[in-house]
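Undergrad: So the chains spell out like this:
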Amino acid sequence: MDHQIYILIVEDELEVMDAIVNDLAAFEDQFPIETANSSEEAKQVITSIYESEQEVGLILCDHILPGENGVELLIELSTLTHTQNSKKVLVTGQAGLEDTVKAVNQADLNHYISKPWTKEQLSDVVTEQLTDYVIEHKANLLPFMARLDGTRLSEAMRNRPLTDH
Amino acid sequence: MNTSSPVKWLNERDVILRFIRKLTEELPELKSHTIKAEAGTILFDRGHQLNHLYLLMEGEVKLSWTNKKKEEMQLIKLGPGHFVGLVAFATGGKTLTNAEVSAESVILKMEQHQFEQYLSEHPRIMHPMQQLMISNMVERFGNNLKLHTKTNILTDELKSERNELKAAYAKLESTHEALVLQEKMATLGELVAGFAHEINNPAAAIMRSAETLKDHFNSESSNGILSLFFRLGLEQEPMNSSEVRSRILKVQKEFPWINNRPLERKMAQMPDKAFALINEHKKKVPLEEMVQQFEAGKLIHNIETGSKRVANLVKSLKSYSRQDKNELESINIRDGLQDTILILGHRLKYLNLTVDLQPIPNLLGKMGDLNQVWTNIIVNACDVLDKSGDIGIECSANDQRILVRIWDSGPGIPSEHLSRIFDTNFTTKNGQAEFGLGLGLAISKQIIMQHGGSISATNRSEGGAVFEVSLPV
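Residue numbers (our numbering), protein chains in the order written: chain V, 179 to 343; chain W, 2 to 474.
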């Protein structure tokens, strides 16, 4: 398969993971989903994605995780070359104000979703974040028109300076 | 009177006064300055320049002082033989007191220059006058010294009283804090009990609906193979992500024609048995339908697992808080420990927990209060361990006593803290606003003592701290 943008979900409760994956199934034809149950596993998954020359466009992360917590993971990922551009979203019911502020300030947190979420809310956030990601990092936006926010993508294309193809 | 020999004439004011009285009879100038004053006559007020000196021959003069609140404070009463206004007169300064005649008096009233004149013109009067003045001064100086001593004693008394007050205030404050915390815990308990009650209904609705939904699927499905997939889904425990990843590869190898990642992921969570069934039936039954049935079963399984967890948590919360009746009753501490462990699941989740709860007899106690003790100790251990380490919770019984041991593999308690750890207001969590109130262990001790038991904190030889509670059956 050609170059693909991954969605990574980090969540330690398997039933909850299942629910998030189901809610985002519609994105998978274009944005394959990878999952991890801990911060440690998340980092391994990220490494293997980049080793197969793919990239991670969006990370959805729970806060309470075994070992390193979600905010710590996001802060760490924001300093690594592979993941510093990835959009980062905290999906949690348990991060206190202090942790959240830390995530916003130090990990460039892009969005915060509190549990329980709705499918519509989750899809909207993922659409918005992936749209931002491709506008910022992709030269050709046409392939994303159908799945992501078409209006914003075409606007972005109009505003782009002509490149010497 | 005095054993040593005092300067005798200083104490013979009467004799001197009698002599002066005699002189005033003999000297017309002096006699003309002798006045009679009724009670209530004001000689002078405080803070004025004084032109006259008064020598009280008979009667009584009251010296007083008016404070800022305009209240008159009486200082001393002067009797015959005393000068009035002597200090102001001698220094030329302002009067320090008010002087008022308090009983009908005879007073010798002289202006300054007259006074000096008499002294120089009548050597006979000079000597007794001087004696009288010195006697006056000596007496006042003596009074002054006594006053000083008295003031010092009073200051000391005030100081120790103030220290006692300070200590009493500090004690009051910590009692107040303890009361506030207890009140908070009580409110929290009430809230929890109310919350548990309220959430029970929706939790029951979810549980019952899942059950009914399960029956519907099982009976309505006419197609045998589809209901088989539904049942497989129902039995399937969720897989962790690394297992899902490796099984996706297996699915891709076995069913290379699918090429649909969401579908592959769903199939990855099926047991191998299902793969054989798919291969067997894929010609007659669409693959998507089989996967959908499996998925439906799995989702209902998830609903059941989730709602059962909610119900169990609520049950534990209710028995943990015991708000409805936190009173002496026959209780089993083992149940309380189990509830506490479940309630603190979010803290204990990532620690290596060893639980050894042996059967123990019931005792008469307050379940809610005792659970607060276990919670305090366990939460402290979790705080110390942060995210990794061992924690052990044990109970056993011997010789009519119940023993509870809670240990951790943390750094242990610094020896200088061991003796103070159960004191009110002792905390090492300064600056952390959350629960570091420093009352947890003090209250714990109080609760254990109310149950006639004892609590101790020591360090284990293999490292870490251990709290031991011993309670009589």
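By construction, these hints were calculated from the structure, which means they are not laboratory data. Treat the hints with care, since some could be wrong.
[To be verified] Only pairs whose alpha carbons sit at most 30 Å apart, straight line, appear in this in silico DSS-like list of lysine-lysine:
| no. | chain 1 | residue 1 | chain 2 | residue 2 |
| --- | --- | --- | --- | --- |
| 1 | W | K388 | V | K221 |
| 2 | W | K37 | W | K95 |
| 3 | W | K37 | V | K293 |
[Unchecked claim] If you only want the chain V side, here are some residues facing chain W, beta carbon under 8 Å, derived:
| no. | residue |
| --- | --- |
| 4 | E193 |
| 5 | E218 |
| 6 | E333 |
| 7 | M335 |
Just so it is clear, CB atoms sit at the ideal spot from N, CA and C, and this is done for glycine as well.
Undergrad: Hint validation: M335(V) versus chain W, beta carbon distance must be below 8 Å. Holds or violated?
TA: violated (28 Å)
Undergrad: Regarding the hint that E193(V) lies at the interface with chain W, is the smallest CB-CB distance below 8 Å?
TA: holds (4 Å)
Undergrad: Would the pair K37(W) and K95(W) pass a check requiring their Cα atoms to be no farther apart than 30 Å?
TA: holds (25 Å)
Undergrad: Hint check: is the beta carbon of E218(V) less than 8 Å from a beta carbon of chain W?
TA: violated (11 Å)
Undergrad: Between the alpha carbons of K37(W) and K293(V), is the straight-line distance 30 Å or under?
TA: violated (100 Å)
Undergrad: So, as I understand it, the hint says E333(V) touches chain W; can you test that by seeing if any CB pair is closer than 8 Å?
TA: violated (30 Å)
Undergrad: Sort out whether K221(V) lies within 30 Å of K388(W), counting only the CA atoms.
TA: The given pair, whose Cα atoms are some 19 Å apart, holds under the 30 Å limit.
Checked against the numbered hints given earlier, this structure breaks hints 3, 5, 6, 7; the rest are met.
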